[in-house]
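Asks: Residue numbers (my numbering), protein chains in the order written: chain L, 1 to 259; chain D, 1 to 259.
Because the hints were derived from the structure by calculation, they are not lab data. Just so you know, not all the hints are guaranteed correct.
As the list claims (entries may be wrong) - Only some residues are given here: those of chain L computed to face chain D with a beta carbon under 10 Å:
id : residue
1  : Leu50
2  : Phe116
3  : Leu235
All C-beta atoms in this analysis are idealised placements derived from N, C-alpha and C, irrespective of residue type, glycine included.
There are 2 protein chains.
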Amino acid sequence: MTITFIGSGNVAWHLSQALQQTGHSVTGIFSRNTATADALVQQLPQATRLPSLYLTDTHTDVVLIAVPDAALPQVAQELQVQPGTLVAHTSGSQPLHMLQTIAGARVGVFYPLQTFSKSKPLDLEQVPILVEATEQDTLQQLQQLAHSLTDKVHTAASGTRRQLHLAAVFACNFTNHLLGISQQLLQEASLTNELLQPLIQETIAKAMQQHPYSVQTGPAIRHDQIVIDTHLQMLQQHPHLQELYHLLTQSIQRTGTAE
Amino acid sequence: MTITFIGSGNVAWHLSQALQQTGHSVTGIFSRNTATADALVQQLPQATRLPSLYLTDTHTDVVLIAVPDAALPQVAQELQVQPGTLVAHTSGSQPLHMLQTIAGARVGVFYPLQTFSKSKPLDLEQVPILVEATEQDTLQQLQQLAHSLTDKVHTAASGTRRQLHLAAVFACNFTNHLLGISQQLLQEASLTNELLQPLIQETIAKAMQQHPYSVQTGPAIRHDQIVIDTHLQMLQQHPHLQELYHLLTQSIQRTGTAE
Numbered sequence: 001m002t003i004t005f006i007g008s009g010n011v012a013w014h015l016s017q018a019l020q021q022t023g024h025s026v027t028g029i030f031s032r033n034t035a036t037a038d039a040l041v042q043q044l045p046q047a048t049r050l051p052s053l054y055l056t057d058t059h060t061d062v063v064l065i066a067v068p069d070a071a072l073p074q075v076a077q078e079l080q081v082q083p084g085t086l087v088a089h090t091s092g093s094q095p096l097h098m099l100q101t102i103a104g105a106r107v108g109v110f111y112p113l114q115t116f117s118k119s120k121p122l123d124l125e126q127v128p129i130l131v132e133a134t135e136q137d138t139l140q141q142l143q144q145l146a147h148s149l150t151d152k153v154h155t156a157a158s159g160t161r162r163q164l165h166l167a168a169v170f171a172c173n174f175t176n177h178l179l180g181i182s183q184q185l186l187q188e189a190s191l192t193n194e195l196l197q198p199l200i201q202e203t204i205a206k207a208m209q210q211h212p213y214s215v216q217t218g219p220a221i222r223h224d225q226i227v228i229d230t231h232l233q234m235l236q237q238h239p240h241l242q243e244l245y246h247l248l249t250q251s252i253q254r255t256g257t258a259e
Numbered sequence: 001m002t003i004t005f006i007g008s009g010n011v012a013w014h015l016s017q018a019l020q021q022t023g024h025s026v027t028g029i030f031s032r033n034t035a036t037a038d039a040l041v042q043q044l045p046q047a048t049r050l051p052s053l054y055l056t057d058t059h060t061d062v063v064l065i066a067v068p069d070a071a072l073p074q075v076a077q078e079l080q081v082q083p084g085t086l087v088a089h090t091s092g093s094q095p096l097h098m099l100q101t102i103a104g105a106r107v108g109v110f111y112p113l114q115t116f117s118k119s120k121p122l123d124l125e126q127v128p129i130l131v132e133a134t135e136q137d138t139l140q141q142l143q144q145l146a147h148s149l150t151d152k153v154h155t156a157a158s159g160t161r162r163q164l165h166l167a168a169v170f171a172c173n174f175t176n177h178l179l180g181i182s183q184q185l186l187q188e189a190s191l192t193n194e195l196l197q198p199l200i201q202e203t204i205a206k207a208m209q210q211h212p213y214s215v216q217t218g219p220a221i222r223h224d225q226i227v228i229d230t231h232l233q234m235l236q237q238h239p240h241l242q243e244l245y246h247l248l249t250q251s252i253q254r255t256g257t258a259e
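Bound conformation, chain L alone:
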């Protein structure tokens, strides 16, 4: 298929190159950020940077919209395509009907459930892709596109996708932030973060095998107030981390009992 991308951020960066590598032809990139659009065009032998969202003179089988959710309404309003073009957004949270204003388009959702950073190469074969469309032929085309990247293709309605995305924010975005805090604390103590890697790996391995609530360890679940108070005192230079420590401790104590 010939594919046009709207957006040039982390998702567009990885998705466009992976689709190009599996035999599709990414022919155009549009982005408000012309610098990142140009950088991405350079990675894609058949692509040019598009000057606007008026694509009525440009043939493309598929338009994939990979922009921040906040920018999606305006893109949906301004985008013009040739009749019958498949237009899909890649958002975890936004409903399918966001795209219904696009005249003549067949619309859908193409949501890769992964965290994308330009600085780290990514194997998309292990990534679940959630697709959604009202029309059967549109759905089939999205499934086909997804299957060219991964075996893990799921059809999910907007409500389901949104719930999955919320769970993903806790499991990925918030977890990453806690790992960042942990590294910050190690750095402040002039300690190497390698010391914690076996612990982090075991934590994740355990959480994959059993419900995390059932294998919770640490001072919070043991109601070990001496340690909790010591830690809160150690964080006194970081009041917002004290608050976070306190709230996470409370949350652990309300959801489980020690082994």
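Based on these hints, arrange chain D on the given structure of chain L.
Replies: Relative to the frame of chain L, chain D by itself:
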């Protein structure tokens, strides 16, 4: 060496069996919880359950104290050993001098930096062990004991160990809790948690390679208020999760900028 354990919880469970398997002889277990002490004794061919903390009639080279931090002061007060016995606690937070009241003992710290659950077997070879002692011969004996389990033996003063433990609470205990919340949200939406496993694995792999703050993704770092508001609304049945979502979002926004 002949080793006696005070405590029969998760740490004593794994550490005693690992030491027995590497050629040491675990000869005694004392615990206020006689049921778990008996269960552990059954795993250790040379061990008996000890009736009290008065070990003056019992020869043992090493006593390892693996009890909750809150119980440590009382154990340190009541424990009596033969002169010259090495007594070490296994706590991340408690200082070495907690044990100075034990008459005639050579005292130290033997802290394995790992999360222990009885329900999951564990390979201790990858686990860092932090040791501490004032006397050189005591330190050497603790290092020798640790080296029988792992190559990753570090000498660390109480202050350093305490800072490492605090970082570990964020990286392990709090991270595990967030993964639990994520699974709870999936269950409430009748979704399988397998869908999130590639995302979690990539999150951790990325955080091991680069500073997590520098690879933060998601609605918080993008300041995508539409998604944030949607998520907060979806959590309205769980006010404490709303509060946690809000605080973690704030914390992400103060510590980084989007890629």
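Asks: Now look at each hint and say whether the structure bears it out.
Replies: Hint by hint, here is what the structure shows:
1. The interface hint given for Leu50/L is violated, since its Cβ lies 23 Å from the closest Cβ of chain D, which is over the 10 Å cut-off.
2. With a least beta-carbon distance of about 7 Å to chain D, the hint placing Phe116/L at the interface is held under the 10 Å criterion.
3. The interface hint given for Leu235/L is met, as the beta carbon of that residue sits about 8 Å from the closest beta carbon of chain D, less than 10 Å.
Taken one by one, the earlier hints fail for this structure only at number 1.
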